[in-house]
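J.: The task is simple: from the sequences and hints, build the whole structure.
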Amino acid sequence: MRLEKCWFCSSTVYPGHGIQFVRNDAKIFRFCRSKCHKNFKMKRNPRKVKWTKAYRRLHGKDMTQDSTFEFERKRNRPERYDRNVTENTLAAIKKIDKVRVDREARHHAKRMKPKKAQLQREAARELEQNISMVKAPGALQQDPSLTLPIKVKVSKPEKVDNRMEE
Amino acid sequence: MEGKKPHNISGLFDEAKKLKDGFLSFQIIHVLRNFHDKLSTIIDDFPRLNDIHPFYGDLLHVLYNKDHYKLALGQINTARNLIGKIAKDYVRLLKYVDSLYRCKSLKVAALGRMCTVIKRVTLAYLEQIRQHMARLPSIDPNTRTLLICGYPNVGKSSFMNKITRADVDVQPYAFTTKSLFVGHTDYKYLRYQVIDTPGILDRPFEDRNIIEMCSITALAHLRAAVLFFLDISGSCGYSIAQQAALFDSIKSLFMNKPLIIEMKLEAMKTLVGHGGEATDVSNVLLTMSTLTEEGVIAVKNAACERLLDQRVEQKMKSKKLNDCLNRFHVAMPKPRDQKERPAFIPQSVLEARAREAEDDAGKESRKLERDLENENGGAGVYSASLKKRYILAHDEWKEDILPEFLDGHNVADFLDPDILMRLEELEREEGVLQGLEEDDDFEMDGAELTPEEQAALTEIRKKKSLLIQQHRIKKSTAESRPTVPRKFDKDKRFTSERMGRQLSSLGLDPSMAVDRARSKSRVVPGEGFKDSAQKKKAIKIAKSSSKNRNKEARRGEADRVIPTLKPKHLFSGKRSTGKTDRR
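Residue numbers (full-length UniProt numbering), protein chains in the order written: chain A, 1 to 166; chain B, 1 to 583.
Derived by calculation from the structure, the hints in this document are not laboratory data.
Be aware that a few hints might be false.
As the list claims (entries may be wrong) - Among chain A residues calculated to face chain B with C-beta under 10 Å, some are:
id	residue
1	60
2	62
3	73
4	149
Positions of the beta carbon are idealized from the N, C-alpha and C atoms, including for glycine.
T.: Laid out in structure tokens, this is it:
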């Protein structure tokens, strides 16, 4: 049993899922679901289809090369079973996964960092421009800090008989 | 027919006759030829008893009677000659006949006579002989042969079955074998014929029947080693004395043939009186049993050996050998030193032999997986442990269950003896990277908004979103909503209280604005009103004057008026350029 990678979207194909297509030149294409299969039949290039890993890696959205990927390599030679090696491997897999996930998160954060600065600048500008929507310029002059005014309830005035004043 | 015209009718007939002549004689000749060919084939293909090996000649005589055979063939020969003569005569006669009709009748007569001759010939006897001959065993009289003879039912055929691949009938009654049977066996890379004969009874020569005569013929003519079978126990139904008597009577046939006397059923050599006779003729006495298969091979080997010796001896004596002898040369390697070089037998073979010698009969084969399966409940119940024969560093690892997947990865892809080392390196790297990351993070915190600013920003955004929402509602309902100017204030939203609230929420003091908005009815000195009540009344009267008019949607003072709907200057005059859909 082996977990394979979908040719189109690079997600894992578990046993019992998906379709394998064998071409006349004996190249095997595995698909995780009919979505990928149909896209393949339409001759779409996965490098141009936004939601695939191929696209994301190509356009730098996801981490491309990292030492954590070196651990997972398909070996064609069967190894003799060794309990200690297996135990170590099983524990190691979890740790490697954690490291990999952390690194991907870091990559993502790094990618998003410039956006953060831009957002902050935009927020500052917006605040400066539209502060008059929540605090009148008059009030702002009196009280330059940005504490918002408390909403005062205006009561109805008593009936003032405006006689003509002489 | 030629082109010239005959002068007389007889001439005409002559011409025709000549042609017919040729054709008719051709017919006769054709028939003659056919008969001749067929009969000649028959005569030629049957063997001439004088030309074949005396063994076969005698055998045929025994089976078919030489005289009858010759007579039959002779009959056919005469028939052939007769037919030839008839044909020749009639062809000659045809030449001298004058009329066509005569020719035809001659031809008919010729054919008829030939047919009668043939009818008299009987081929049935020859046909039977032919079929029987075809089934005779193919015995080569010149090659090495072992001949098996003895009383009926002593076990000749079973011996034959044992040493050759022949499958001769073995039955408890006498005369099961009724004719000669041939088998072949090998000894020292040579092929030996083994001939099984029918049993011979002790009778005077003249009284023997055809079956016995077969074996006698074989004995007489074939230069073979003779294996004479004796049954001591008497289960064949004849006593030893009878068998001995038979032996004596056919002793003469054993001239110049190596003889071996077989004793069936393991009789002791010393028991038999033949022991004395053994010294007379240099024969060999052997014991064997076809049931338990002891000694069968020994007998065969002894017989073959003796036959071979005899044949070699004879060949050596003959003159022809001297011609061939100089062509033979057996090359023996010259020993270069005194060192002994015996045949090499591998150690494992010696051990196996020793082991075999030890536990001869009670050797158990090792326990098969199949036996194990049957013990534990059979095919459906027991599942074989495929891991039983694994070669691992420690035996207790054999029963380990190894997971193939873990968290979406193939475990086999990660297996590595020095994975721990690499993992350590990785974690070190990771630590370093994390340190770097923290430094980066500290730098970035400069331009953050304070909580106050954040609160203000959220308020702004909330207000903006509210405005947008309202606008969207207005836009979406614009088609179904009447467009009423703001001053009529249909929903009563534009009140001074509201204005006051909004202003105060912005942080301003609304009182002055509210006052100014509210007091529409404040009396300004110079307007002409006594007090606000009067002013209000006046405003009301003014409004009511136009109220009805507005409700009825009538034209008021401010509405546009067209005094003349069709002014003459616009509706008169000649047509100038321009469209006619409008004047």
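J.: Each hint should be assessed against the structure and marked as holding or not.
T.: Hints, one by one, checked against the model:
{"no.": "1", "hint": "60", "in the structure": "18 Å, violated"}
{"no.": "2", "hint": "62", "in the structure": "16 Å, violated"}
{"no.": "3", "hint": "73", "in the structure": "6 Å, holds"}
{"no.": "4", "hint": "149", "in the structure": "3 Å, holds"}
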